[in-house]
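Asks: Given the coordinates of chain A, assemble chain B onto it according to the supplied hints.
Protein chains in written order, with this note's numbering: chain A, 1 to 488; chain B, 1 to 488.
Note that these hints are calculated values from the structure, not bench results. Treat the hints with care, as some may be off.
Calculated lysine-lysine pairs in the DSS-like style (CA-CA distance at most 30 Å, straight line) [stated by the list, open to error]:
| no. | chain 1 | residue 1 | chain 2 | residue 2 |
| --- | --- | --- | --- | --- |
| 1 | A | K89 | B | K233 |
| 2 | A | K346 | B | K122 |
| 3 | B | K233 | B | K122 |
2 protein chains.
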Amino acid sequence: MANKTRVSGFERAFNPRTISIVGVSRTDKKQHPGGTGLGFFRRLRQLGFKGRIYPVNPKAEEIEGVRSYPSVVSVPEPLDLAIITVPAKSVPQVLKDCIAAGVLNVHICTSGFSETGEEEGKRLEETAREIALDGGLRVIGPNSMGLQVPSAKISTFDDMPLVNGPVSFVSQSGGHAGAFLRFGPDQGIGFSKIISYGNALTLDAPDFLEYLGSDPETRVICLYIEGIRDGRKLIRLVREINTRKPIIIWKGGLTDSGARAAASHTGSLAGDSQVWDAFFKQTGAIRVSSIEEMAEVVSALLYLRPSVSRGVAVLGGGGGNNVATGDICAQEGIELPLLSSETQTKLNDFISLVNQSVTNPLDAPSLFTDASHLRQAIELLTADPGVHVIILNLNVGLFGITPPKLMRQVRKCICDFARETPGGKPIVAAIPHQGTGVAWEFAQKLIKEGIPSYRSLRRACRALNRFTRYNEYVSQVSGTCTDDLQDE
Amino acid sequence: MANKTRVSGFERAFNPRTISIVGVSRTDKKQHPGGTGLGFFRRLRQLGFKGRIYPVNPKAEEIEGVRSYPSVVSVPEPLDLAIITVPAKSVPQVLKDCIAAGVLNVHICTSGFSETGEEEGKRLEETAREIALDGGLRVIGPNSMGLQVPSAKISTFDDMPLVNGPVSFVSQSGGHAGAFLRFGPDQGIGFSKIISYGNALTLDAPDFLEYLGSDPETRVICLYIEGIRDGRKLIRLVREINTRKPIIIWKGGLTDSGARAAASHTGSLAGDSQVWDAFFKQTGAIRVSSIEEMAEVVSALLYLRPSVSRGVAVLGGGGGNNVATGDICAQEGIELPLLSSETQTKLNDFISLVNQSVTNPLDAPSLFTDASHLRQAIELLTADPGVHVIILNLNVGLFGITPPKLMRQVRKCICDFARETPGGKPIVAAIPHQGTGVAWEFAQKLIKEGIPSYRSLRRACRALNRFTRYNEYVSQVSGTCTDDLQDE
Numbered sequence: 001m002a003n004k005t006r007v008s009g010f011e012r013a014f015n016p017r018t019i020s021i022v023g024v025s026r027t028d029k030k031q032h033p034g035g036t037g038l039g040f041f042r043r044l045r046q047l048g049f050k051g052r053i054y055p056v057n058p059k060a061e062e063i064e065g066v067r068s069y070p071s072v073v074s075v076p077e078p079l080d081l082a083i084i085t086v087p088a089k090s091v092p093q094v095l096k097d098c099i100a101a102g103v104l105n106v107h108i109c110t111s112g113f114s115e116t117g118e119e120e121g122k123r124l125e126e127t128a129r130e131i132a133l134d135g136g137l138r139v140i141g142p143n144s145m146g147l148q149v150p151s152a153k154i155s156t157f158d159d160m161p162l163v164n165g166p167v168s169f170v171s172q173s174g175g176h177a178g179a180f181l182r183f184g185p186d187q188g189i190g191f192s193k194i195i196s197y198g199n200a201l202t203l204d205a206p207d208f209l210e211y212l213g214s215d216p217e218t219r220v221i222c223l224y225i226e227g228i229r230d231g232r233k234l235i236r237l238v239r240e241i242n243t244r245k246p247i248i249i250w251k252g253g254l255t256d257s258g259a260r261a262a263a264s265h266t267g268s269l270a271g272d273s274q275v276w277d278a279f280f281k282q283t284g285a286i287r288v289s290s291i292e293e294m295a296e297v298v299s300a301l302l303y304l305r306p307s308v309s310r311g312v313a314v315l316g317g318g319g320g321n322n323v324a325t326g327d328i329c330a331q332e333g334i335e336l337p338l339l340s341s342e343t344q345t346k347l348n349d350f351i352s353l354v355n356q357s358v359t360n361p362l363d364a365p366s367l368f369t370d371a372s373h374l375r376q377a378i379e380l381l382t383a384d385p386g387v388h389v390i391i392l393n394l395n396v397g398l399f400g401i402t403p404p405k406l407m408r409q410v411r412k413c414i415c416d417f418a419r420e421t422p423g424g425k426p427i428v429a430a431i432p433h434q435g436t437g438v439a440w441e442f443a444q445k446l447i448k449e450g451i452p453s454y455r456s457l458r459r460a461c462r463a464l465n466r467f468t469r470y471n472e473y474v475s476q477v478s479g480t481c482t483d484d485l486q487d488e
Numbered sequence: 001m002a003n004k005t006r007v008s009g010f011e012r013a014f015n016p017r018t019i020s021i022v023g024v025s026r027t028d029k030k031q032h033p034g035g036t037g038l039g040f041f042r043r044l045r046q047l048g049f050k051g052r053i054y055p056v057n058p059k060a061e062e063i064e065g066v067r068s069y070p071s072v073v074s075v076p077e078p079l080d081l082a083i084i085t086v087p088a089k090s091v092p093q094v095l096k097d098c099i100a101a102g103v104l105n106v107h108i109c110t111s112g113f114s115e116t117g118e119e120e121g122k123r124l125e126e127t128a129r130e131i132a133l134d135g136g137l138r139v140i141g142p143n144s145m146g147l148q149v150p151s152a153k154i155s156t157f158d159d160m161p162l163v164n165g166p167v168s169f170v171s172q173s174g175g176h177a178g179a180f181l182r183f184g185p186d187q188g189i190g191f192s193k194i195i196s197y198g199n200a201l202t203l204d205a206p207d208f209l210e211y212l213g214s215d216p217e218t219r220v221i222c223l224y225i226e227g228i229r230d231g232r233k234l235i236r237l238v239r240e241i242n243t244r245k246p247i248i249i250w251k252g253g254l255t256d257s258g259a260r261a262a263a264s265h266t267g268s269l270a271g272d273s274q275v276w277d278a279f280f281k282q283t284g285a286i287r288v289s290s291i292e293e294m295a296e297v298v299s300a301l302l303y304l305r306p307s308v309s310r311g312v313a314v315l316g317g318g319g320g321n322n323v324a325t326g327d328i329c330a331q332e333g334i335e336l337p338l339l340s341s342e343t344q345t346k347l348n349d350f351i352s353l354v355n356q357s358v359t360n361p362l363d364a365p366s367l368f369t370d371a372s373h374l375r376q377a378i379e380l381l382t383a384d385p386g387v388h389v390i391i392l393n394l395n396v397g398l399f400g401i402t403p404p405k406l407m408r409q410v411r412k413c414i415c416d417f418a419r420e421t422p423g424g425k426p427i428v429a430a431i432p433h434q435g436t437g438v439a440w441e442f443a444q445k446l447i448k449e450g451i452p453s454y455r456s457l458r459r460a461c462r463a464l465n466r467f468t469r470y471n472e473y474v475s476q477v478s479g480t481c482t483d484d485l486q487d488e
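So here's chain A without its partners, still in its complex pose (with noise of 0.2 Å):
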């Protein structure tokens, strides 16, 4: 029961009915280069988040009409969630002011403690903490950009869109998860919960996987770690929580010079590299190495069907280009079988042998000039039994399918075949871009549909590696019958 009062207190920072802001000056004056308390109030009204905010000012009557208070005690009603943006030197006051007034969560943005080195920040942090933990209270942070909830309209993230989905990411960086959720949704995700944590005062890494293992808006889970103080509790819930719902961490700080920054960045001890990948062994946590890798994987496992199958047709075209794709899918662990001669007649009826091969990878540009050719390669494809998945591998722009209207046929001719085979064996795009322009938008309509797309072929080879090993774990572990797991 205790248990339970807890969590529902702790659900409380992410679907809040009252918010004070701690700190909010009257005018535009910087207070904290994360965000101001300024900042934060004007993010929140402008989102319309529907709960009740309490800005905290004891100069200030009023901050842009909305009535003022000296301290949170003096706010009439029990506050779900405080954010602190006062100076770090003023932080040990107003945590007690929280305890006094019962607040259930607090978010501390404020920088400057133990991650400065000086000896003045961290005896603030151990102070802080001290009556954190005596009185009781959660916190995120110091030292941490805090919370966006897309679906409770709360974020503390400057300029980010609310994109709302089953994605959630714990990330002890703020700059790390701002990129999430700002390359996030090209990839076609879209968030739950995210949560920067930075110097984790009191709530670290596994309170936060806790709480969304059992979030039933949460499907697919993202951690950044630098440090961690209770690795056991971490690798319990990994391992409990992973083979439900897929865990993706990235661990910062494991050479020397990248400890040294973390060390400076959250404070934290970053630990040795051998015991992360004895961790990653045991928990069959997928392990990425930037946000970027991050979105990838995520992409793959919000929209393939879950398979332990490893055969790949790549479809592609340019013979210096087609060498490569053999060697970066060998690279990336990704195995192009043969196809059956069965296959290859029935497409050399339609794929001239000049300047163009059927073996896999497929060099055949004139597919991407003829519609109809490529519907009837990829259902050839399809059906060859050592094929599961179709890597296309496009340059768009190149080989001719610049004309918009071919580019709309190709693109119709993917979209169609992958809406009317549901359950069907996936397709999977590559498309270099640039980020705008022309292939960008083709990628993007593709993943709209629901077809994964990636900016190169190697990031497919290694989304689809990391996805394939993390059914075979799941398939493994749970010792169940792999065959839901299989395409054939």
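Replies: Using the frame of chain A, we list chain B on its own:
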């Protein structure tokens, strides 16, 4: 003397006075997916080629106002280069004509030979080879894009600008040669000779390499190889030339699926990856695995003073980003020495520790909002005895440097420093960009000032590491005073 004649005859392939294009249609009917005779004819005239062009078409009196000939034999003056675009089955007869006419060099564009994997194509290639060898004909191709020599105003590559410079590329793939022509100039690269040689009928990579080794217009040599006939000759030449002119090699088809693709691309036997590992060890050639990597290391070779010192200081901003910086540098073989306590103290005078750090990598976004502080920091870093290269890890668009005026100041600060300290410790930039837009323009301006700029930190580190390893090899092999190669 015989050799001299041979070389000077070869020289005429790259500086022809007369060119015949064999197979020029009167209309735009497509003959070859890689390029048409009419296309080449138009291209040469449009580029302002100063020599004489003789189209060959037995059915035409003239092509677009230029007199046409029934065969190279009937052309009224000696030919330095014949470009063959007729269908594969007609190629043997055209080769005989070229021998009869005493043509100095031949480029066969046509495909449909051994790369088809069909008996007919293989036989045709064997026939053509026998004719060419018997007649002592120098043949570039078949199944090849051919040549671009900006100084001679010749090119068989469509839509590629002529950018003159000291870099040559010998490529078995026309697509890769085209990609280098397209992306090289963005890395500050201009070209001496681009040679796409396809199936290597008589001339193979070592023949071109031998020529470029003594070509005064070539300072850096790049190779893309799928298969090679005379491996010993390649080793001998690379060892000999590589200490004078850096040789960068992308070997395609080193995996099973890559080798399969190579067989159907240029009919090559791709060879064993262990053999190639040994090759790179023995020759000190710089190994890359994409055109982009090739361009990136060439940029370092062109613009950085040779050095074997490995200590690097990275100047960037963002805490999580900085942890990734440390990890990426360590993974890519870049050493980030601790700064001296004197350097750290002086940096602390104007870099606040709140949300920042002056360990190496430096997390100091405030520097990018104040160009005078940036200048001070760069000067302090170059004065540190452990630092030999500075990487500016700039996320243009973040850290408040978006205002154009501030961006200009930051850029001016970097360029001024580089200009005012010629021969000083080099600066390299890592600027994420998307091939267009503000960040890309920023990077392009640095490159124009001779500051290599890469689109990610990982790419910058990889290029620097390859650059330094090459310098180490040269210094070890030459055995002479390594002082010339050192910073200090």
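Asks: Between K89/A and K233/B, does the CA-CA distance stay at or below 30 Å?
Replies: 72 Å, violated
Asks: Can you confirm whether the C-alpha distance between K233/B and K122/B stays at or below 30 Å?
Replies: Holds: K233/B and K122/B sit about 25 Å apart, inside 30 Å.
Asks: Take the C-alpha atoms of K346/A and K122/B, compute the straight-line distance between them, and say whether it is at most 30 Å.
Replies: Cα-Cα ~23 Å, so holds.
Violation of the numbered hints given earlier is confined to hint 1; every other hint is satisfied by the structure.
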